[in-house]
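Make the full structure from the sequences, and use the hints.
Chains as they are written, first to last, in the numbering used here: chain E, 147 to 456; chain Y, 4 to 332.
To be clear, the hints were calculated from the coordinates, so they are not data collected in a lab.
Pairs of lysine to any residue, SDA-like flavour, derived with a Cα cap of 25 Å:
{"hint": "1", "chain 1": "E", "residue 1": "K216", "chain 2": "E", "residue 2": "A433"}
{"hint": "2", "chain 1": "Y", "residue 1": "K147", "chain 2": "E", "residue 2": "R453"}
{"hint": "3", "chain 1": "Y", "residue 1": "K176", "chain 2": "E", "residue 2": "R360"}
{"hint": "4", "chain 1": "Y", "residue 1": "K176", "chain 2": "E", "residue 2": "V356"}
{"hint": "5", "chain 1": "E", "residue 1": "K230", "chain 2": "E", "residue 2": "R188"}
{"hint": "6", "chain 1": "E", "residue 1": "K216", "chain 2": "E", "residue 2": "L201"}
{"hint": "7", "chain 1": "Y", "residue 1": "K176", "chain 2": "E", "residue 2": "P366"}
{"hint": "8", "chain 1": "Y", "residue 1": "K147", "chain 2": "E", "residue 2": "L149"}
{"hint": "9", "chain 1": "Y", "residue 1": "K147", "chain 2": "E", "residue 2": "A455"}
{"hint": "10", "chain 1": "Y", "residue 1": "K197", "chain 2": "Y", "residue 2": "E45"}
{"hint": "11", "chain 1": "E", "residue 1": "K230", "chain 2": "E", "residue 2": "S182"}
{"hint": "12", "chain 1": "Y", "residue 1": "K176", "chain 2": "E", "residue 2": "M365"}
Please read these numbers as outputs of a predicted model, since none were measured by experiment.
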Amino acid sequence: MSLFFLRRLIQLIPTLAFILVVVFVLVRLLPGDPTSAILGDRALDADVARINHDLGLDRSIPVQFVLFLKAVATGNLGNSITLKLPVTTLIAQRLPVTVMLTVMAALMSLVMAVPLAFVAALRRDELADSAIRGTFQVGLSMPVFYLGLILLTVFGARLGWFPVGGYGDSFGEHIYHLFLPAFTLALSLAAILMRNLRAAIIGVVGAEYVVFARSKGIMPGVILMRHVLRSALISTVSLFGLSVGTLLGGAVITETVFAIPGAGRLMIDSIYGRDYPVVQGMTMALAVVVSLTFFLTDVVEAWLDPRVAR
Amino acid sequence: MTPALQVRHLSTTFGHHGTPVTAVDDISFDVMPGEVLGLVGESGSGKSVTLRSIMRLMPHHSAVTGSVLWQGCDLMTMTEAELRRVRGGEISMIFQEPGTALNPVLPVRVQIEENLRAHTELSAAGRAARCLELMDLVGIPDAKRRLTQYPHQFSGGMRQRVMIAIALASNPKLLLADEPTTALDVTIQDQILKLILDLRDELAMSVVFVTHDLGVVAATCDRMAVMYAGRIVESGPVPAVFAQPNHAYTRGLLGSVPRSGTERSPLLSIEGTPPGLTSRPAGCAFHPRCAFATDLCRRESPALQDRAAGQAAACFHSDRVIAAGLAGS
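Here it is in structure tokens:
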């Protein structure tokens, strides 16, 4: 197990290297160029040349790549063109907000999905099952921004239970401010997880080893938790890991609807503003977050299923 | 001597798109204390369903009727709590495929221990000691290390030993063995059979042995019951049935096994295949494949009737079957 952990950790290195290459190439493939974004359309050739030189864009691509690597290694991701701040500062400000939003959403979706999947699977094709699946189907079919707006109107503006925007100042306030947006995000993921887990539980409940466990005369609760849930969770955990990327994408929209100063909003603003250093830095940061999530998913999966950790 | 287990009029049906399908059809048998009963038949004859019905392990969409008396109590009418005490504690089961019947994500120790936890008052230390003892009992070397391993780290034979260790954990009085050696190599098969018989002697338990292998029956069982299409068609002491089958199906089964040491004779074989659950013929279910069948067989279903030498058979033409003997037809 610890060997598997170490091996999987080492595998992160090439992944991260690949992310660096992709980010470098991607930014240079974007339409438009930073210089004209900074200077506007009517810039003088001399100014363009000066800015190009300052940004290092007059060098050859391989040289630019080496300079890029050097900068990343020293923790210098450049400065934002529009906000005039170091990109690292921006990431440090904004990324934790998005990560917290995503983590809250992920936890909420699990809290909703796991018990309901159990009820649905064990009351298969009965009223409870249909009701749970039907409700989630609606949640799943509703676009995140629309659902967000409804929740915002009802629970934020009308009832006044939750703030309609912002992030707050303390940890407690963060949670309070992020509750509605996280719930919005969680609902669609919960629907997917619930369906997946329900199917997995139905499959496992009929498995020979569950029948054998019943033949031992052990308590039904033990059978459900130890024999059914654990095996059923394996596929759901990998789905969950893969969904975190989607969740981050969803966070971009949610942050816009709920006016949360997170990485998603920053990303959108930077893309519109042709703020290349920020786009580059944020893409990298988000990619690292996703890679780490996959790593964690693998570790959890190996813990659930010892056959994986060989 | 009173039987340890009395099965009476046990029937199991599945809801099959509205029309129920009968997998086990009104069967009755006894198991004496310390006896090994072989339940024999082809695939789909209802052997495994019988075992699982006795333990009430059938899925929800099936219905089981009849009674199963275990030490005077009917397993069919017990509450779930009472049934849990019997399951794994007094009656244990081993399954055909140790590869699928052991939980792949739990170490072997956990899977043995949960039986002990359910049926004994042993402390944690006591359970640990009992786990080691059981591993020794079923002949798994290096028990201490092996207990921490997962089923996929064991060979097929060793996995079956693990399953036997689990089944025997709380000293059951009856072992229901569902084709425990079918998935194993012949040499391993012998070891496992010998192990079960040794343990039967040591622990004075009864065994119901489900198998389609007549060699296994001859080597291990005291009495046998032959199943065909969900019914028992013949039963009796193993030597008597092997010497003189009373039912045409039993005769066909025995005749299709090559024997050494005798003069070479053509093998009997049973033409056709057993009927599916949804297409059981009227009358005796075996009549389409039977050389002795008459109009009576096509119309009426014969009841299981006692014969000589402790045998019983459900056949209208036992006399002709006996007269034909086991020589080639």
